Amino acid sequence: MEEYMKRTMALIIAVAAAAIAYAQEGPPRAGISFTDERGTTISLPGKARRIVSLSPELTEILFAAGAGDAVVGVTTYCNYPAEATSRAKIGGFSAKTISVEAIVALKPDLVVGGLSAHGQLAPQLERAGLRFAAIPTRDFASVYASIELAGRIAGDEAKAGAIVAAMKARVAAIRSRTASIPVADRPVVFWETWDEPLMSAGPGTFTGQIIEAAGARNCFADSTADWPVISFEALLARDPDYIMAADSHGEALTPERLARRPGWNSLSAVKAGRIVFIDGDISSRGGPRFVDAIESMARALYPDALR
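Residue 1 is where the sequence shown starts when you use the working numbering, and the numbers rise one by one after that.
Derived from the structure by calculation, the hints contain no laboratory data. Computed from a predicted structure; not experimentally measured. Hints are not guaranteed to be accurate.
As the list claims (entries may be wrong) - No more than 30 Å apart at the CA atoms, straight line, and that leaves these computed lysine-lysine pairs for DSS-like:
{"#": "1", "residue 1": "K89", "residue 2": "K107"}
{"#": "2", "residue 1": "K47", "residue 2": "K89"}
{"#": "3", "residue 1": "K47", "residue 2": "K159"}
{"#": "4", "residue 1": "K168", "residue 2": "K47"}
{"#": "5", "residue 1": "K107", "residue 2": "K96"}
{"#": "6", "residue 1": "K159", "residue 2": "K107"}
Unchecked claim - So the derived label-pair ranges between C-beta atoms look like this:
{"#": "7", "residue 1": "S86", "residue 2": "A117", "range": "18 to 28 Å"}
{"#": "8", "residue 1": "G46", "residue 2": "D222", "range": "45 to 55 Å"}
{"#": "9", "residue 1": "K89", "residue 2": "T224", "range": "37 to 47 Å"}
{"#": "10", "residue 1": "S176", "residue 2": "L106", "range": "37 to 47 Å"}
{"#": "11", "residue 1": "S99", "residue 2": "E256", "range": "34 to 44 Å"}
{"#": "12", "residue 1": "S142", "residue 2": "K96", "range": "18 to 28 Å"}
{"#": "13", "residue 1": "N265", "residue 2": "T40", "range": "47 to 57 Å"}
{"#": "14", "residue 1": "A234", "residue 2": "P45", "range": "48 to 58 Å"}
{"#": "15", "residue 1": "K271", "residue 2": "L106", "range": "50 to 60 Å"}
{"#": "16", "residue 1": "S86", "residue 2": "P182", "range": "43 to 53 Å"}
{"#": "17", "residue 1": "S43", "residue 2": "G273", "range": "53 to 63 Å"}
{"#": "18", "residue 1": "P45", "residue 2": "G280", "range": "31 to 41 Å"}
No residue lacks a Cβ here, since even glycine has one placed at the ideal position from N, Cα and C.
Start from the sequences and build out the full structure, keeping to the hints where you can.
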């Protein structure tokens, strides 16, 4: 009997210990798999708990999707939300400024970045035993999908879904304000991506989508290139109603700088002073705040309709 009691007590203690451990650690993590922009399948034992983000837009997406606590490393350009600035810095935006050693030291279970900007780092990261996922943010649809993905692999799926629904509703509301305006009557916008050489945004780009959603026509909507290099003669022939750019490009479009550009004073937008700057962080990042960029542009184009 005494031996039986000892065995029974030992079993009770073992079960109790297991129950306590389960309560403290939670149930075993369910495996998660997804396919990144490279077509590579990424497998995680459960939700990612330590993530390094290589781009500002992905940092914003992770925090918005409820995965901010899992973010342990970011770039020096990751300035939103404010909490992101307290994370360890692993370098700048481009691959050549990023320290793989700094990333490895953070022991992440997932590193996320853009395919074109950071895909070349994948072999190094994978040789170091790390998972790299190329997350697309090229257009509205991919941003929505990436927010939902972030919720599934590291954050709160319900929160991510609600954010995407709210973003879509805001975009639809902006479109509805200008829906009655015939396309031919909508203002033409030239978006200056760069000045030397002169570059704009094609229709397949994130910026091109913002212009269209704001109720305008892209000056170079017929371009087959994402970021076409153009001549002033081509711009003059199209004579846009507005010239717009990210505010970070503002110095290139001051009245003084424009005066030094031969022939620019003959453009209707310059003569009328219709030069508009949009916050570069929201207009150039494929993150949750791109709707703010659409609203900002739409207000500049239709101040009476979007008060």
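Which of the listed hints are not met by the structure? As far as the earlier hints go, not one is violated by this structure.
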